[in-house]
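Q: Required output: the full structure, derived from the provided sequences and hints.
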Amino acid sequence: MMEYFLQQLINGLTLGAVYGLIAIGYTMVYGIIGMINFAHGEIFMIGSFISLISFLILNSVGGFSAVFAILIVLLVTMIFTSMFGWSVERIAYRPLRESFKLAPLISAIGMSIFLQSFIQVFQGARPKPLQPIMHGGITLLENDGFAVQISYLQIIIIIMTVGLMIGFTTIIQQTSLGRSQRACEQDRTMAALLGVNVDRTISLTFVMGAGLAAVAGLMFTLYYGVIDFFIGFLAGVKAFTAAVLGGIGSLPGAMLGGVLIGLIEAFWSAYFTLAYKDVAVFMVLVLVLIFRPTGLLGRPEVEKV
Amino acid sequence: MAAVQAAARRREGLSGVVLDALATAAVALVLTVPTVGLKTDESGGTLIITRHFDTVAWIVAVVFLGRLCMNLFMARRAAKPGEQKKAGPGAMDRLAASVARNQARIGAVGFVIAVVLPFISSNYLIDFGTNVLIYVMLGWGLNIVVGLAGLLDLGYVAFYAVGAYTVALLATNFGLGFWTCLPLAGLFAAFFGVVLGFPVLRLRGDYLAIVTLGFGEIIRIVLLNWQVVTGGPNGIGGIPRPTLFGLPFVARSSSGTTFAEFFGLDFSVSQRLIFLYFVILMLALITNFFTVRMRRLPVGRAWEALREDEIACRAIGMNATNIKLSAFAIGAMFAGFAGSFFATRLGFISPESFTFTESATILAIVVLGGMGSQLGVVLAAIMLVSLNEAGRWFSFLGDIALYRPLIYGGAMVVIMLVRPRGLLAHRQPSILLHGSDGPRESLVPNDAQAASTGELP
Chain A
0 MMEYFLQQLI NGLTLGAVYG LIAIGYTMVY GIIGMINFAH GEIFMIGSFI
50 SLISFLILNS VGGFSAVFAI LIVLLVTMIF TSMFGWSVER IAYRPLRESF
100 KLAPLISAIG MSIFLQSFIQ VFQGARPKPL QPIMHGGITL LENDGFAVQI
150 SYLQIIIIIM TVGLMIGFTT IIQQTSLGRS QRACEQDRTM AALLGVNVDR
200 TISLTFVMGA GLAAVAGLMF TLYYGVIDFF IGFLAGVKAF TAAVLGGIGS
250 LPGAMLGGVL IGLIEAFWSA YFTLAYKDVA VFMVLVLVLI FRPTGLLGRP
300 EVEKV
Chain B
0 MAAVQAAARR REGLSGVVLD ALATAAVALV LTVPTVGLKT DESGGTLIIT
50 RHFDTVAWIV AVVFLGRLCM NLFMARRAAK PGEQKKAGPG AMDRLAASVA
100 RNQARIGAVG FVIAVVLPFI SSNYLIDFGT NVLIYVMLGW GLNIVVGLAG
150 LLDLGYVAFY AVGAYTVALL ATNFGLGFWT CLPLAGLFAA FFGVVLGFPV
200 LRLRGDYLAI VTLGFGEIIR IVLLNWQVVT GGPNGIGGIP RPTLFGLPFV
250 ARSSSGTTFA EFFGLDFSVS QRLIFLYFVI LMLALITNFF TVRMRRLPVG
300 RAWEALREDE IACRAIGMNA TNIKLSAFAI GAMFAGFAGS FFATRLGFIS
350 PESFTFTESA TILAIVVLGG MGSQLGVVLA AIMLVSLNEA GRWFSFLGDI
400 ALYRPLIYGG AMVVIMLVRP RGLLAHRQPS ILLHGSDGPR ESLVPNDAQA
450 ASTGELP
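If you read the sequences in order, they're chains A and B.
The first sequence lines up with residues 0 to 304 when you count with numbering that gives the first Met the number 0.
The second sequence lines up with residues 0 to 456 when you count with numbering that gives the first Met the number 0.
Simulated from the structure, these hints should not be mistaken for laboratory data.
C-beta: ideal position from N, C-alpha, C; glycine also.
Treat the hints with care, as some may be off.
[Stated by the list, open to error] Some chain A residues near chain B, calculated using beta-carbon distances under 8 Å:
#1 32
#2 35
#3 48
#4 51
#5 55
#6 98
#7 104
#8 106
#9 112
#10 118
#11 269
#12 289
[To be verified] If you only want the chain A side, here are some residues facing chain B, beta carbon under 8 Å, derived:
#13 91
#14 113
#15 147
#16 149
#17 284
#18 287
#19 288
A: Structure below.
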């Protein structure tokens, strides 16, 4: 069944794009301050909620074309979600940067629980459905009544992801902000001595990460059409797995890991059992950590005393 | 640093204080308008937006006033530089230190209260006490892993579940009694701890956190889907209650005498409740006794040394992986014991009882109480279980259980900010060169010193 395989490939790539965008947030934060931002999955969840609310408001106003509506929502979601990313760093991580090693980690877990139940309390616990914004797609090939389809939505998701990847790679490699980020990643004290504003750089890293998570949240809302306050947990763990698989700290690695995790999940659901698809992803995480802790594209980590 | 100083300067003067508070309130406004102000509600099958800007106004006002008070308080502290430089131990530090000094006395009083309580209180209070004790035991077990060995375990509930399901499966399939199952459950959970811990314990601490999180989820998903063995979402029922040397706590038994008949008492339900209470009290005290003794053994000292500086430990030839593994396995074993008690107490278990929220609750208990502090865990367990019940006690609190995770999460962040070692944490050396007549203050590193000497990049 070549067609079935192709269809799953397309679905997996779309899913992988979403995971990859979240994974970049983990990898950037880990690269720069060496901690797992446990609250990142919840930032993604908040992004999906803000996008849902924006769509509902646009719907009630009416009279927008689908693409234009998506663009407006994208902008609004990125702005508001970035504020969440910024605030989380400012409140829960910055004061703890010099504290003992478990402190920021526990603070991050506390923040994650807080944000999750914040949405649960103020937005309600029930799943929230959204009417599809976009219909239709392109039939790539048809054989024996089985059509391989790529929907317009999937095209938009993949194009947006590729665009964002190019944009962010450019920022990190070409701009002065990117240089500061890479400097902080190598040696924060030295960077500060050379006049890099470390606090600002770290804040902006969180803002960028949250912005990408917001896009992922928007895509998730559009693609699945139903969200709840709990989606951040699983998506967060899977995106983290993607970041580790690709090599934590490496930007292209995060994207590659995201795509691989998306494909694994899609093919596992298609050919094995749906019930254990999350277990499959967790097993990948454990196996990578045992046999190749540096991931596919990561550099080995040297502990400094 | 420059930014911090600039912020400190900005905070000086009344107008600066107010401006800063206004800026914070503005951020709060931006954050809450889309998430709180515009609520998605269902109406006739479709989602509509309802506006809740009054709640937003309340939150923003609280944030503004809170930030204002905090700034004023900090400005007053900064105004007395001499005091701020050598403030010494704060009020909370002194309290924690005196609690640590009088640990034996407080423990003894607590023990007497715990023993007497069931005989002078209602069934409801005994049940409440049993709940508290389960969390105390889980907290003490996790304290070995997180507090002593410094390993962040986010899937502790998985071992709790392993213990519970071991008892349930052995009891329902092979007809074994609770007391036979109890050690098996502990052993099995410890075995799981070793199997899981072995591959990941040589990695950095944060990887361990996320792998244990994943493992907790795997266990839950397997319990949910492996219908043939675990009954899936329906769970397992009919788990036998524990007996006192073969005397069951029932009104009438077809096979031999019951507890009430043997002692010539009238049967009442509270006898069983009191018995269960004492079973968990005993289990919890064993956990505590074990931990206290372990801290005096070489392996216990090695746990604490590893927590403080792993590189130094490896440099002097300690086998870090094995030492961590022992802490992990022992912590898992106690979770297994607690899980087997949980199963036999309710007589019914299902995967619903073993979600990540439960792991987070246990972690919150350890963190809030003070990592490594046994009394702190008791205090935090009482606080958190009371929070569940508070809505029932005080009707004006309404449905406070809904806000529970919000409070846990917020409290975890706040505690890390103000007292990173936990409310009742008091760090003192386990060994002293010159006798044990109280810790010598010069030997006790405070957190700031520890951070500046131990955590240089």
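Q: Now, for every hint given, state plainly whether the structure supports it.
A: Verification of the supplied hints:
1. 32: Status violated, d = 11 Å.
2. 35: holds, 5 Å
3. 48: holds, 7 Å
4. 51: With Cβ-Cβ at 7 Å, under 8 Å, it holds.
5. 55: For residue 55 of chain A, the interface hint holds, since the closest Cβ of chain B sits about 5 Å away, which is under 8 Å.
6. 98: Given a least distance of 5 Å, the restraint on residue 98 of chain A holds.
7. 104: holds, 6 Å
8. 106: Given a least distance of 4 Å, the restraint on residue 106 of chain A holds.
9. 112: Holds: closest Cβ of chain B sits about 3 Å from residue 112 of chain A, inside 8 Å.
10. 118: holds, 7 Å
11. 269: Result: violated, 18 Å to nearest chain B Cβ.
12. 289: It holds, given that the least Cβ distance between residue 289 of chain A and chain B is near 4 Å, below 8 Å.
13. 91: With a minimum Cβ separation of about 5 Å from chain B (threshold 8 Å), the hint on residue 91 of chain A holds.
14. 113: holds, 3 Å
15. 147: violated, 30 Å
16. 149: violated, 28 Å
17. 284: holds, 6 Å
18. 287: Residue 287 of chain A check fails; min Cβ-Cβ to chain B is 10 Å, beyond 8 Å.
19. 288: With Cβ-Cβ at 6 Å, under 8 Å, it holds.
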